[in-house]
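From first to last, the protein sequence lines stand for chains A and B.
1 is the number of the first residue of the first sequence in the working numbering; add one for each residue after it.
1 is the number of the first residue of the second sequence in the working numbering; add one for each residue after it.
Honestly, the hints are just simulated from the structure, not real lab data.
It is possible that some hints are incorrect.
All copies of an identical chain are treated as equivalent in the list; a pair is satisfied when it fits inside any one copy or across any two copies.
The list that follows gives simulated cross-link-like pairs (lysine to any residue, SDA-like), each with its CA atoms no further than 25 Å apart [said to hold, decoys possible]:
hint	residue 1	residue 2
1	Lys59	Asn145
2	Lys88	Thr228
3	Lys88	Glu180
4	Lys88	Gly120
5	Lys59	Asn138
There are 2 protein chains.
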Amino acid sequence: MNQPVIVLVRPQLGENIGMVARAMWNFGLCHLRLVEPRDGWPNPAAGPAASGADVVLDKAELFDTLEAAVADCNRVYATAMTLRRMIKETTTPGGAVEQMNQLAAQGGRSAIVFGPERTGLTTEEVAMGDVLISIPTNPEFGSLNLAQAVIVLAYEWHRQQDTTPPVRLEGDYEGPATRETLDGLINHLNDLLEPRGYFHPDHRTESMKRTLRNIFERPGFTGQEVRTLRGVMRCLAGELNRKPASDIQGSGEISGE
Amino acid sequence: MNQPVIVLVRPQLGENIGMVARAMWNFGLCHLRLVEPRDGWPNPAAGPAASGADVVLDKAELFDTLEAAVADCNRVYATAMTLRRMIKETTTPGGAVEQMNQLAAQGGRSAIVFGPERTGLTTEEVAMGDVLISIPTNPEFGSLNLAQAVIVLAYEWHRQQDTTPPVRLEGDYEGPATRETLDGLINHLNDLLEPRGYFHPDHRTESMKRTLRNIFERPGFTGQEVRTLRGVMRCLAGELNRKPASDIQGSGEISGE
Numbered sequence: 001m002n003q004p005v006i007v008l009v010r011p012q013l014g015e016n017i018g019m020v021a022r023a024m025w026n027f028g029l030c031h032l033r034l035v036e037p038r039d040g041w042p043n044p045a046a047g048p049a050a051s052g053a054d055v056v057l058d059k060a061e062l063f064d065t066l067e068a069a070v071a072d073c074n075r076v077y078a079t080a081m082t083l084r085r086m087i088k089e090t091t092t093p094g095g096a097v098e099q100m101n102q103l104a105a106q107g108g109r110s111a112i113v114f115g116p117e118r119t120g121l122t123t124e125e126v127a128m129g130d131v132l133i134s135i136p137t138n139p140e141f142g143s144l145n146l147a148q149a150v151i152v153l154a155y156e157w158h159r160q161q162d163t164t165p166p167v168r169l170e171g172d173y174e175g176p177a178t179r180e181t182l183d184g185l186i187n188h189l190n191d192l193l194e195p196r197g198y199f200h201p202d203h204r205t206e207s208m209k210r211t212l213r214n215i216f217e218r219p220g221f222t223g224q225e226v227r228t229l230r231g232v233m234r235c236l237a238g239e240l241n242r243k244p245a246s247d248i249q250g251s252g253e254i255s256g257e
Numbered sequence: 001m002n003q004p005v006i007v008l009v010r011p012q013l014g015e016n017i018g019m020v021a022r023a024m025w026n027f028g029l030c031h032l033r034l035v036e037p038r039d040g041w042p043n044p045a046a047g048p049a050a051s052g053a054d055v056v057l058d059k060a061e062l063f064d065t066l067e068a069a070v071a072d073c074n075r076v077y078a079t080a081m082t083l084r085r086m087i088k089e090t091t092t093p094g095g096a097v098e099q100m101n102q103l104a105a106q107g108g109r110s111a112i113v114f115g116p117e118r119t120g121l122t123t124e125e126v127a128m129g130d131v132l133i134s135i136p137t138n139p140e141f142g143s144l145n146l147a148q149a150v151i152v153l154a155y156e157w158h159r160q161q162d163t164t165p166p167v168r169l170e171g172d173y174e175g176p177a178t179r180e181t182l183d184g185l186i187n188h189l190n191d192l193l194e195p196r197g198y199f200h201p202d203h204r205t206e207s208m209k210r211t212l213r214n215i216f217e218r219p220g221f222t223g224q225e226v227r228t229l230r231g232v233m234r235c236l237a238g239e240l241n242r243k244p245a246s247d248i249q250g251s252g253e254i255s256g257e
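Here chain A stands alone, though its shape is the one from the complex:
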């Protein structure tokens, strides 16, 4: 699927071009086009700032005009903070990326055009865009620097392709223990608490047991975690002491059973 092309018009600092390349490549974008970079191209300051995103810099294309840089693109997005006097379809980053994905699915290519660091795109350059992207920001403090604006668009593009579940368990999570294992823990706990007078008064016993069951059911403990917890319970109840008597003042570590 066609990725959007990132076009920087008259970028001033090589460092910023490098930081843009890094932001792009962090989120999988690799087509960078430069229109009249102030200090020429290649620029030795770009590489260090790219922090390893050399693949983007190596493939960057140089153009004399914005027209030439977007000539093979089917839709051109101009980025601007403030809207000049013109009637233009205006999108959020999210709205723009949805459109780009639809266009890409039809085989079309989008360009996102960013202006120079201090001044942004001229009114004429904004007018060359089919659509304006305006990043909603704090109304009191809306000025993003160049690499920050690029990272927002690149993140948004990646976010809409990404299939990572919003919430998941990672690490060595083997899934929740079986019901039998979990019931073993809960019954063990009840058996330890009962003779120690925890369930009092009698008429509240059932609701106290229900509360405890909920506490231990909700987290989805693994079998290993249940074994660790049973060790903790036995230790608290005075039924487990792994330290040899001679080491009772030492710093022996109590690990999960």
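Keeping the supplied structure of chain A fixed, place chain B upon it in accordance with the hints.
Only chain B this time, still in chain A's reference frame:
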């Protein structure tokens, strides 16, 4: 509604603290907490890098420990690139912000904890988080710098509060012209094309007129734009020439009628 608190653990460079403040304030976050900043606090390098986000730096709070920095928070999100050997609920930025909003609606406060520039949080510090935030990135190039990671979270937070329509018309758009005005344009065009032999052959006349109607209906032209287009048509048809005869070689501008 409670905003998430941004906690920087052992940040190294004042410039990065400033850039974090800027990224936060761009998207409306203003609660910054610093745990053991390497060069102390305040840091004279932070202000210039904040580019005007002084309100965030001025209100930044200093803590000796991560525990103290998150003591009043109801849920702590640790950020990390790679997952160490631990079972931890892990979220995307989008998933995390959804949870934060639910918590905030109940009056709870979230903290998002970022580690030092080069090393990130220690395994112990990650373990202190209730939830891990992992930003999905290019698997070949996943390392975000500190301010970039903060801007992604701050953008995502703002995005989920923001009510800006994804696609809209801005500028001086007064809405589409009335149907009568638009029909005036289309009839005018047909009347100009008919005597000039455009509608040929006869049996295609109706479909050609339908095509033209669709072209002019879809954009939702304003009344002013319709007037401009009628002037353009009249000029093309030789019925409008605003230049005085004496100025026919000059550069007089033809504006919308």
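### Task
Using 25 Å as the alpha carbon limit, work out where Lys59 and Asn145 are close: within a copy, between copies, both or neither.
both (23 Å within a copy, 23 Å between copies)
### Query
At most 25 Å between C-alpha atoms: does Lys88 with Glu180 qualify within a copy, between copies, both, or neither?
Intra 63 Å, inter 23 Å, cutoff 25 Å: inter-copy only.
### Query
Given identical chains, is Lys88 near Thr228, meaning Cα to Cα at most 25 Å, within a copy, between copies, both, or neither?
Answer is between; shortest inter-copy Cα gap is 16 Å, intra-copy 62 Å.
### Query
Are the CA atoms of Lys88 and Gly120 at most 25 Å apart within a copy, between copies, both, or neither?
within (17 Å within a copy, 43 Å between copies)
### Query
What label fits Lys59 with Asn138 when the C-alpha limit is 25 Å: within, between, both, or neither?
Classified as between: cross-chain Cα gap 17 Å, same-chain 35 Å, threshold 25 Å.
In summary, this structure violates none of the numbered hints.
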